[in-house]
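Enquirer: Using the sequences provided together with the hints, build the complete structure.
Protein chains in written order, with the numbering used here: chain A, 11 to 147; chain B, 11 to 147.
Be aware that one or more of the hints could be misleading.
Unchecked claim - Here are the simulated lysine-lysine pairs, BS3-like style, with alpha carbons at most 30 Å apart:
{"id": "1", "chain 1": "A", "residue 1": "Lys133", "chain 2": "B", "residue 2": "Lys15"}
{"id": "2", "chain 1": "A", "residue 1": "Lys111", "chain 2": "B", "residue 2": "Lys42"}
{"id": "3", "chain 1": "B", "residue 1": "Lys109", "chain 2": "A", "residue 2": "Lys138"}
{"id": "4", "chain 1": "A", "residue 1": "Lys133", "chain 2": "A", "residue 2": "Lys29"}
{"id": "5", "chain 1": "A", "residue 1": "Lys133", "chain 2": "B", "residue 2": "Lys122"}
No wet-lab data here; the hints were simulated from the structure. Because the structure is a prediction, the values reported are computed rather than measured.
Number of protein chains: 2
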Amino acid sequence: MLSKKTQYALKALGYLAGKYGEGPVLIADIAKKKKIPVKFLETILLELKQAGVLDSKKGKGGGYYLTQSPKKTSLATAIRFVGGPIALLPCVSLNFYEKCKDCNEAVCGLNKAMLITRDATLKILEKKTLAELIDSN
Amino acid sequence: MLSKKTQYALKALGYLAGKYGEGPVLIADIAKKKKIPVKFLETILLELKQAGVLDSKKGKGGGYYLTQSPKKTSLATAIRFVGGPIALLPCVSLNFYEKCKDCNEAVCGLNKAMLITRDATLKILEKKTLAELIDSN
DNA sequence: AATAAAGTCCACTTGTTTGGTAGACTACAG
DNA sequence: CTGTAGTCTACCAAACAAGTGGACTTTATT
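Expert: Shown next as structure tokens:
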């Protein structure tokens with residue numbers, strides 16, 4: 011299961027995708043529409059900005075906005091930006107790999123099963139983009 | 011990512027699968043071979059026993075063992091027994107479903123994407139069984 | 001019956017995540 | 001120069017995850 015933080019990040023990105031090209035969107039606006047605690051969202055958006063997915067404008071008329079077209083960012087990328095590994099085990103994670111203490115990966119059945127799972131998941135999440143998160147909500 | 015607890019549970023079940031039919035296996039034995047903290051493993055095995063996957067024998071010559079052939083328990087089942095939801099979001103979970111506060115699922119793009127992901131994951135994890143976790147480690 | 005082996009159960013610590021509050025500072029539009 | 005809005009820092013606390021320690025019960029064996 012994705013962490014709350016990652017879930018909120020995806021919701022916020024989906025909302026911003028819907029507003030792409032319309033200028034900066036207020037944190038408070040996103041928080042209200044997507045039912046996210048304002049202060050928590052603040053730190054999430056800041057992380058996404060540091061990752062380069064978002065940019066912001068301070069002062070009146072300010073807010074957050076996507077740095078590029080929502081079609082150019084895949085869900086897999088978005089999830090990784092807020093720190094969520096996609097694989098079910100550390101030993102099959104591309105970006106958060108960690109070796110098992112107890113097994114030889116070449117012959118580990120668990121490793122094999124989870125590798126297949128990760129590939130199937132990635133195949134989907136790399137094709138879907140932020141543009142697909144736009145909806146009528 | 012699966013929780014440590016779930017990861018340990020799968021490792022332990024894999025080990026017990028390899029010993030199926032050979033009588034009870036000591037907690038300490040599993041812990042040592044799979045590098046799991048003994049006390050933590052203790053609570054995990056207890057949960058699996060209460061779920062019916064394992065049974066135990068107390069006293070000398072006691073230990074834990076699978077209640078049925080490793081081929082009869084899928085990885086999806088095993089994961090769910092120790093409390094781990096398989097879906098990436100609560101709103102697409104079969105066993106731990108929770109409605110989103112902020113979206114209409116029928117038109118939610120995130121929901122759709124995660125549903126497809128969950129189905130792909132489940133398809134794999136429901137086919138793989140504990141027997142496939144047996145290896146030479 | 002005594003003993004040792006082994007699972008069971010309860011309490012506790014430690015650390016992280018999640019959610020929330022408060023306040024000061026910076027940038028910018030009007 | 002004033003108000004708006006993001007930035008940053010510092011807390012707090014409830015809930016959960018991970019891990020530890022110790023006392024208790026059951027059972028086979030001697």
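Enquirer: Take the hints in turn and mark each one as holding or not.
Expert: Hints and how they fare:
The straight-line distance between the Cα atoms of A:Lys133 and B:Lys15 is roughly 27 Å, inside the 30 Å bound, and the hint therefore holds. A distance of roughly 11 Å separates the Cα atoms of A:Lys111 and B:Lys42; the hinted pair therefore holds under the 30 Å criterion. For the proposed pair B:Lys109 and A:Lys138, the alpha carbon gap of about 22 Å is at most 30 Å, so the pair holds. Simply put, A:Lys133 and A:Lys29 have alpha-carbon atoms about 27 Å apart, close enough for the 30 Å limit, and the pair holds.
For the hint linking A:Lys133 to B:Lys122, the alpha-carbon distance of about 15 Å falls within 30 Å, and the restraint holds.
Checked against the numbered hints listed earlier, the structure breaks none of them; every hint is satisfied.
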